[in-house]
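> Got chain H sorted already, so can you dock chain E onto it with the hints?
Here the protein sequences line up with chains H and E, keeping their order. In terms of the working numbering, the first sequence opens at residue 1 and continues consecutively. In terms of the working numbering, the second sequence opens at residue 1 and continues consecutively.
Don't read these hints as lab results, they were simulated from the structure. Check each hint, because a few of them may be wrong.
Identical copies look the same in the list; a pair holds intra-copy or inter-copy alike.
Simulated crosslink set (DMTMM-like; lysine to aspartate or glutamate; CA at most 25 Å straight-line) [said to hold, decoys possible]:
1) K41 <-> E402
2) K213 <-> D162
3) K35 <-> E140
4) K41 <-> E403
5) K339 <-> D156
6) K242 <-> E313
7) K273 <-> D70
These figures come from a predicted structure and were not determined experimentally.
Protein chains: 2
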Amino acid sequence: MNRKQVLNNATLAIQNEKIIFIGKNPPANMSAETKINARGKVALPGLVNCHTHVPMTLFRGLAEDQPLNDWLKQTMWPLEAKLRSQHVYAGALLGCLEMIKGGTTCFADMYFHEDKVAAAVEKSGLRGVLAEGIIEGNDERRGMRLFQKSVDFVRDFNGHADGRVSVMLAPHSAYNCSAELLSRIGEEASKLKVGVHIHLSESDVMFRELKKKLGVSEVQFLDGIGFFNNHVLAAHCIRLSKSDMQILARHAAGVAYVPVSNMKLGLGIAKAKSLIDLGVNVGFGTDGPASNNSLDMFETMKTGALLQKLLYENPTVLSAFETLQMATLNGAKALGIDKHVGSLEVGKKADIILVDLSKPHLKPLHDVCASLVYSAHASDVDTTIVNGQVLMENRHVMTLDEEAVMEDADRALSGLL
Amino acid sequence: MNRKQVLNNATLAIQNEKIIFIGKNPPANMSAETKINARGKVALPGLVNCHTHVPMTLFRGLAEDQPLNDWLKQTMWPLEAKLRSQHVYAGALLGCLEMIKGGTTCFADMYFHEDKVAAAVEKSGLRGVLAEGIIEGNDERRGMRLFQKSVDFVRDFNGHADGRVSVMLAPHSAYNCSAELLSRIGEEASKLKVGVHIHLSESDVMFRELKKKLGVSEVQFLDGIGFFNNHVLAAHCIRLSKSDMQILARHAAGVAYVPVSNMKLGLGIAKAKSLIDLGVNVGFGTDGPASNNSLDMFETMKTGALLQKLLYENPTVLSAFETLQMATLNGAKALGIDKHVGSLEVGKKADIILVDLSKPHLKPLHDVCASLVYSAHASDVDTTIVNGQVLMENRHVMTLDEEAVMEDADRALSGLL
Chain H
1 MNRKQVLNNA
11 TLAIQNEKII
21 FIGKNPPANM
31 SAETKINARG
41 KVALPGLVNC
51 HTHVPMTLFR
61 GLAEDQPLND
71 WLKQTMWPLE
81 AKLRSQHVYA
91 GALLGCLEMI
101 KGGTTCFADM
111 YFHEDKVAAA
121 VEKSGLRGVL
131 AEGIIEGNDE
141 RRGMRLFQKS
151 VDFVRDFNGH
161 ADGRVSVMLA
171 PHSAYNCSAE
181 LLSRIGEEAS
191 KLKVGVHIHL
201 SESDVMFREL
211 KKKLGVSEVQ
221 FLDGIGFFNN
231 HVLAAHCIRL
241 SKSDMQILAR
251 HAAGVAYVPV
261 SNMKLGLGIA
271 KAKSLIDLGV
281 NVGFGTDGPA
291 SNNSLDMFET
301 MKTGALLQKL
311 LYENPTVLSA
321 FETLQMATLN
331 GAKALGIDKH
341 VGSLEVGKKA
351 DIILVDLSKP
361 HLKPLHDVCA
371 SLVYSAHASD
381 VDTTIVNGQV
391 LMENRHVMTL
401 DEEAVMEDAD
411 RALSGLL
Chain E
1 MNRKQVLNNA
11 TLAIQNEKII
21 FIGKNPPANM
31 SAETKINARG
41 KVALPGLVNC
51 HTHVPMTLFR
61 GLAEDQPLND
71 WLKQTMWPLE
81 AKLRSQHVYA
91 GALLGCLEMI
101 KGGTTCFADM
111 YFHEDKVAAA
121 VEKSGLRGVL
131 AEGIIEGNDE
141 RRGMRLFQKS
151 VDFVRDFNGH
161 ADGRVSVMLA
171 PHSAYNCSAE
181 LLSRIGEEAS
191 KLKVGVHIHL
201 SESDVMFREL
211 KKKLGVSEVQ
221 FLDGIGFFNN
231 HVLAAHCIRL
241 SKSDMQILAR
251 HAAGVAYVPV
261 SNMKLGLGIA
271 KAKSLIDLGV
281 NVGFGTDGPA
291 SNNSLDMFET
301 MKTGALLQKL
311 LYENPTVLSA
321 FETLQMATLN
331 GAKALGIDKH
341 VGSLEVGKKA
351 DIILVDLSKP
361 HLKPLHDVCA
371 SLVYSAHASD
381 VDTTIVNGQV
391 LMENRHVMTL
401 DEEAVMEDAD
411 RALSGLL
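Chain H on its own, in the form it takes in the complex (with noise of 0.2 Å):
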């Protein structure tokens, strides 16, 4: 099948889990037990989230218009202390509701508590590739004992909620990690055979600050270490320079574009047409929502493309269907699931979503692409199917009650504050 095309007036049947057909003329023998009628929809693989703190959602509006560091040691960091699991699920519960709402099927996410998140992923039906965070600080106990962490999560929970959650060991980061960590953690991801999640060049400052200590650039670091050995999903990369860039590319490595949080804290835009030029996969991040302050990707979709326009002073720079193709298979390649999610297929998981288009923000409708990049929001979102399974239709979610689920986060926030 064409990638790129638009069918119009075709039919799409789940079976299990799975897509088995798509096309114009069903086999007259095909049969369906339920029917969803898409007039006036258009139907596209559902949107993959390649890197959030889902549980931060519980955070979100908690501390506005502050510097970063002030943020992080005011607000962030004594929450996060006093941060027990049910806050977690709390949170990862109404981040996972907000994310079906959006048409969001699929979410990488790197916290504390991650069982917390897999169950939140249970039950809401999501899809998430999900990894206990590693920070180390200056402190080799704790990464030892989280590093340790990490790597139980890995053994219980892949392959979790009817396959649903895959998982990754998850370093913070090379400025909150040491070398010899990195490195274990590098050889680990090998043994188990598991991708790693970690923030790379989050800004401008810290690549000249690490530049500094480390001698070498952060990506060359790592490569040093042998850590893009394993499948590397690498968030924000704000400051990297075009053999940093080629690295990433000659390991096949996936990079998170995070356009609206890295906005919202002053960090900086990451080069992603030049990444894409040079052949690394990227796809989009929203970060949590206490830097966002949302999940939202049509939202991402938009200002990401948007901002690499801009930055190139180019219009054509990530034209809509780029866009669309970044937030669907780019994404799922970035997460190394792109084999079973990601675009609609035959034979693949049946992740997707209905857009509602017969509205007057959406009209005329005469590019359907652009259309959805450039005009829909999340609340167009009709109907969320993940794993053939239906989570919301007539944005009516049937996996949660919504009501529940937020009075549930607004207990849990006011028992930490």
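Same frame as chain H, now just chain E:
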């Protein structure tokens, strides 16, 4: 009343077109014909869009991801040459519908057949500061003809639709109108006591080219011919020197900061923070939907605020409250109508929106201003009131038949293509 105040459990009363009470304890003798229960919602001044070409809603998505010159020469100009008043009306009405549904209560517009935009304002119930555009190019007679039309429009439509229409003159730009014509327009605006809406410094390239041609900067040139002795609404202002900014400040010009369209066309970022710091009044504009592709002021607020944080590498720049103020009171000021609208105050016209905050992507609700700017969408607007008339309640639009407006726009576009 403290304009920064968020009142909880308060009452707001409207009589005829005005706000007559805001507070906790309405007088005992106050009764109401109609009551709107705003539980779980927040009331705020209607959003003011300071720069658009609303008939271009008809061209949404028509020519995407193209270089500016191709976009103009291959698509927009040929289409505009064929444009008749019925197309303008259909496009304007669709745009008005989108604005009502997105919480915009007032917009500043510049286009051709502007009488049809006035008709759309009259029909939809919105408020508009409208102007017939004047493009001279190298054709002096055309310039004079359009100038006369612009003056006629001012005479015929000032105060139209129960005062919801106010008017300006609108020379397209200093690169599309001669010094002589701009001088005449300035003098006529003084006589007529109306403002002047103009595109100013739309890109770095234009800034440099005009400076070369004029010998001085665009702003210095306009200042030299006394143009700023009128109330000027200047759209874009991407590239200005500090002394340009000081000229705008000295003359109390209003600036429409147009972040989304400027990004999409790869043109640059207006230094809104520097303008504000120098005392210039800055509001937000969306530009026409052909280059945005939306009239969404919520999106514009978030993108505009984040873009300034990015530009100044400082997350404290443009706080959520300042951003809201730009989108309401400062916008009204830029349009010269802040005595009547732009804030919720007794005696002002009742241009009010209610935003539903009881949704997953707005929870937990910790900071109402941050919620509105960083997390809310156009689709969260529940109720839109202009001049005391309810245009939308529970997302049901009262003044327009949504289906008919969308169908008419489709038909008008088909006729053009």
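> Please go over all the hints and tell whether each is borne out by the structure.
Right, here's what the structure says about each hint:
1. Taking the shortest alpha-carbon separations for K41 and E402, both the intra-copy value of 24 Å and the inter-copy value of 17 Å come in at or below 25 Å.
2. Proximity of K213 to D162 under the C-alpha cut-off of 25 Å is found in neither arrangement, the shortest distances being 45 Å within a copy and 68 Å between copies.
3. For a Cα distance limit of 25 Å, the shortest separation of K35 from E140 qualifies neither inside one copy, at 56 Å, nor across copies, at 63 Å.
4. Only between protomers do K41 and E403 lie at most 25 Å apart by alpha-carbon distance; the minimum there is 16 Å, versus 27 Å within a single protomer.
5. Taking identical chains as interchangeable, the C-alpha atoms of K339 and D156 lie at most 25 Å apart only when both belong to the same chain, with a minimum of 23 Å there against 64 Å between chains.
6. When the C-alpha separation of K242 and E313 is checked against a cutoff of 25 Å, the pair qualifies both within a copy, at 19 Å, and between copies, at 23 Å.
7. Taking identical chains as interchangeable, the C-alpha atoms of K273 and D70 lie at most 25 Å apart only when they sit on different chains, with a minimum of 21 Å there against 32 Å within one chain.
In summary, the structure is inconsistent with hints 2 and 3 from the numbered list given earlier, while agreeing with the others.
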